[in-house]
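Heads up: the sequence lines are chains F and W, in that order. Per our numbering, residue 25 is the first one in the first sequence, and the count goes up by one each step. Per our numbering, residue 2 is the first one in the second sequence, and the count goes up by one each step.
Hints listed in this document are in silico derivations from the structure and should not be mistaken for laboratory results. Computed from a prediction, not measured in an experiment: that's the story for all the values here.
If the Cβ cut is set under 10 Å, some of the chain F residues that face chain W in the computed set are:
1. PHE35
2. LEU38
3. GLY40
4. THR41
5. ASP44
6. GLY45
7. VAL153
8. TYR172
9. ASN174
10. GLY216
11. PRO217
12. ARG221
13. GLU244
14. ARG249
15. GLU251
Some residues of chain F that are not near chain W, with every Cβ distance over 10 Å (derived):
16. GLY131
17. ALA135
18. VAL233
For every residue, glycine included, the Cβ atom is placed at its ideal position computed from N, Cα and C.
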Amino acid sequence: MADPVRIVLVFPALLGTYGDGGNASVLAQRLRWRGIDAETIDVGVDDALPGEADIYVLGGGEDTAQTLAVSRLADGTLRRAADAGKQVFAVCAGFQILGETFLDGHGEVHAGLGLIDCRTDRLPGSRAVGELLGDPAVDGIAGPLTGYENHGGRTLLGPAAQPLALVRAGIGNGDGGDGAVQGSVVATYLHGPALARNPALADWLLTRVVGTLAPIDDTEESELRRERLAFVRHGRSRRWRRQWKPPARDS
Amino acid sequence: MTARYQVARAAGATAAGLSRLAGRGTGTQIGGRVILAIDPTAMARAAGGRELALVSGTNGKTTTRTLLVAALETVEPVVSNAGGANLPAGLTAALTADTTSRLGVLEVDEPFLPRVVEAVEPRVVVLLNLSRDQLDRYAEVRRLAGIWHDALTGPHALAVVANADDPLVVWAASAAKNVVWVAAGQGWTFDSTSCPACGDILTRDGRRGWRSNGCGLTRPTPDWSVTDRTVTAPDGSSYDVELAIPGAVNVGNAALAAAAAAHWGVAPGAAFAAMARIPSVEGRYLETSFAGRPLRLLLAKNPAGWVEALAMSRPDAPVVVSVNARAADGRDPSWLWDVPFEVLRGRHAVASGERSRDVAVRLRYAGVDHVRVDDPADALRAAHGSGPVEVLANYTAFQTFRRVVGDG
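Model the full structure from these sequences, guided by the hints.
Structure representation (structure tokens):
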């Protein structure tokens, strides 16, 4: 039997405020349901990040915890894994620390890990809080992508990164896109968790590790997605009406 | 008493009465809002001349308030804010509705604690715990601890009764001059990985001890200690606390209430005896039945509360898991993935509430056998077997189930 697919949850005690640890559970279960062995590894704050894994999952966290996480990751293990083509999936604060710079709890510019060509400062006005809906901007993911965002950061991508999605409702990065894709590194502002709300995104990530996947029954996920998409489309809150944009069209 | 305050009270009572007549609840909130609109100082005026205890924290506010009221009522009548009305309007309504009680116990929504402390000048402030809850409103837990810390800094005469096991509470309470520390426990540690004071890592010793690697903030030596069901008071006397309500967490809450009641001279033995007789708290822990099927209601609003509620639930009973995401619940139920629903494997579960689809997906990945039934009455009927059903619900979903079973 092949070695299990190793999924590392990076410092859930620091980067796990918004249920994003669920992304690791979703990846592992979707492999197991297809008869592929999977193992999840929760890395504690005092533990070393394993270098030999297939997927690294980072979640959202508070400002001070975010700064602490970046100092723990500065040893280069995650960078080497990404350079070796290992998958990295990061959400919210986890996304921000993978960029070139982000703002710490005191509003000071802090160096990130440099895995994504992006810089994060503050959104003008208030925090982005609410449902976030976007169309995938990369091939191979059945959309739309749905989730919940809760962040004060604005993330501007440089030329080496492309957005994961084009925002239809909500804020995302703050420039019309959400998240980033750069090589084997994928990031988003979507909570929910992102991979529970978007099984197509989960399977797209897994395909990059194990190749083609057999279909599985996602009836319950589809029911959840239908309800959330209807909620956003019907504009059941003033916020969504105000920020509604027409669907992005192919050029 | 000023004319403005008298007019405000009369108008508030009229508004509350009209709201009740219109069938829109108890009218507490609207009455309080009318009073505060006419006289913004009404909360302070209504509190004048009384000796008040405030209770705040993420989980256990209503239960601890109820336990403390029971203890103080062994001395004299107590005014209190029932029904979850723990915003300034609700506090004002409760205080204006009872003009005679000299003692009072008020539960206060966490971010409003500074405003209430300033207005009512309490004698005692009880701080329970802080953990992630309604992040769409509060954004960060640490920010709440900071707000408390600032509110307790200064020349207050008040005494703080605080949970020594929760680092966020300890940092907030350490701003006060007079603190009684109670080892009330901390089941959920994931929001205090880093030090609230300096941001460095908190090291835990695997028991209850913790210390900041950076600034040295450390767990204070408790004045009141709790081991299983035994509470030891500062004088060394010990009490076996046998409450009618379940949960180890409530022994900690009882210890906090006893420590607060001691400021009014209530002996711990008398306090615990009064607390032991409480069968349920505004529907929480209520044992009842529906269509001939026994059931129990457990409220859980956030990951820390769900961990406690899952631990309280009977190991073999089927479970209804009901979740809404209204404003009072927090709009984002992503936190379902912070709750270890895997412990329900081998039991039957019914996903219910307005966000039943989120619950169903969570249970699917947790490997828990389940069905999804939105309607609360049908959800109770759908639970397998004929034995007792445990109903675990978050805030507004819980109120729905109370109505369905005819409680409140």
